[in-house]
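J.: Sequence:
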Amino acid sequence: MPMEKFVERDILFKNFFEKIQLAISRTVVLKSTLDLSKIKNVVAVDSAYKNDELMVTGAIVWSLEKREVLWRSYIECKPTYPYTPGLLYLREGPAILKILEDINLEWDLLLVDGHGVLHPRRAGLATVVGFILDVPTIGVAKRLLVGEEAGGEGFGYVLVDGEVLGYWFRDGGKFYVSPGYGLSIEDVLNFMRFMENRYPEPLKIVDRYVRSIMQCHRS
1 MPMEKFVERD ILFKNFFEKI QLAISRTVVL KSTLDLSKIK NVVAVDSAYK NDELMVTGAI
61 VWSLEKREVL WRSYIECKPT YPYTPGLLYL REGPAILKIL EDINLEWDLL LVDGHGVLHP
121 RRAGLATVVG FILDVPTIGV AKRLLVGEEA GGEGFGYVLV DGEVLGYWFR DGGKFYVSPG
181 YGLSIEDVLN FMRFMENRYP EPLKIVDRYV RSIMQCHRS
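Every letter in the sequence shown is one number past the one before it in our numbering, and letter 201, counting from 1, is 201.
Among the hints, erroneous ones may be present.
[To be verified] Straight-line C-alpha distance at most 20 Å; calculated EDC-like pairs for lysine to aspartate or glutamate:
#1 38 to 106
#2 38 to 18
#3 40 to 102
#4 78 to 102
#5 204 to 65
#6 38 to 196
#7 142 to 65
#8 142 to 207
#9 78 to 101
#10 66 to 108
#11 98 to 108
#12 40 to 65
#13 66 to 101
#14 38 to 134
#15 98 to 134
Just so you know, these hints were derived from the structure itself, not from any lab.
All figures in this text were calculated on a predicted structure; none of them were measured in a lab.
My request is simple: use the sequences and hints to build the entire structure.
T.: And the structure:
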């Protein structure tokens with residue numbers, strides 16, 4: 001197949017996958033479906049890579065009351081899609097959905113290392129996963145894809161077309177938090193207050209976990 005045909009095909013696929021995100025975003029209402037005061041267990045997911053050859057996706061169940069890990073597991077696979085900004089759901093989504101099936105404990109909220117509605121099409125990884133599973137999700141990312149930052153020295157909000165879609169925080173480095181699915185913008189802020197406006201501990205733990213697994217493949 002001529003190179004231009006490959007390029008044309010890739011553009012068509014990319015446009016199709018972006019339209020899926022737009023369709024999902026039209027169904028998302030930033031309205032609370034969860035009483036944050038009653039949350040007991042939180043799941044956090046993250047992935048680590050060895051080029052495009054191997055991806056390790058891990059999940060932990062973290063007790064909000066005890067502040068400890070109750071369960072953890074990981075899977076290894078080859079990434080299903082090349083890294084493309086704004087289309088992380090194609091790369092990590094299938095593995096996340098698979099590992100969440102293995103959890104044998106009850107949980108209330110999913111934290112995702114990736115954007116929620118603070119996304120060019122208002123449907124980042126956290127939004128897509130939440131939509132598919134119909135569970136409340138929060139997206140946490142270290143790089144801003146869209147919007148204008150405002151606010152103070154260590155905390156502020158992000159505006160997209162005049163609407164607050166997320167918040168930024170500074171905990172060493174800067175990170176961005178937004179509702180993914182089944183939560184309001186206020187819910188996200190309240191959850192981060194519980195986290196003392198610091199990078200969520202469950203995501204720190206699962207990040208270290210998948211990196212340690214990946215390190216075994218590099219040694």
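J.: Determine for every hint whether it applies to the structure shown.
T.: Taking the hints in turn, this is what the structure says about them:
1. 38 to 106: 13 Å, holds
2. 38 to 18: 35 Å, violated
3. 40 to 102: Judged against 20 Å, a Cα distance of about 19 Å means the pair holds.
4. 78 to 102: It holds: about 19 Å lies between the C-alpha atoms, which stays within 20 Å.
5. 204 to 65: At roughly 17 Å apart (the allowed maximum being 20 Å), residue 65 and residue 204 satisfy the hint.
6. 38 to 196: 18 Å, holds
7. 142 to 65: 26 Å, violated
8. 142 to 207: 13 Å, holds
9. 78 to 101: 19 Å, holds
10. 66 to 108: The given pair, whose Cα atoms are some 15 Å apart, holds under the 20 Å limit.
11. 98 to 108: 18 Å, holds
12. 40 to 65: Given that 20 Å is the threshold and the Cα spacing comes to 7 Å, the pair holds.
13. 66 to 101: 24 Å, violated
14. 38 to 134: Distance of about 18 Å is within 20 Å: holds.
15. 98 to 134: At roughly 15 Å apart (the allowed maximum being 20 Å), residue 134 and residue 98 satisfy the hint.
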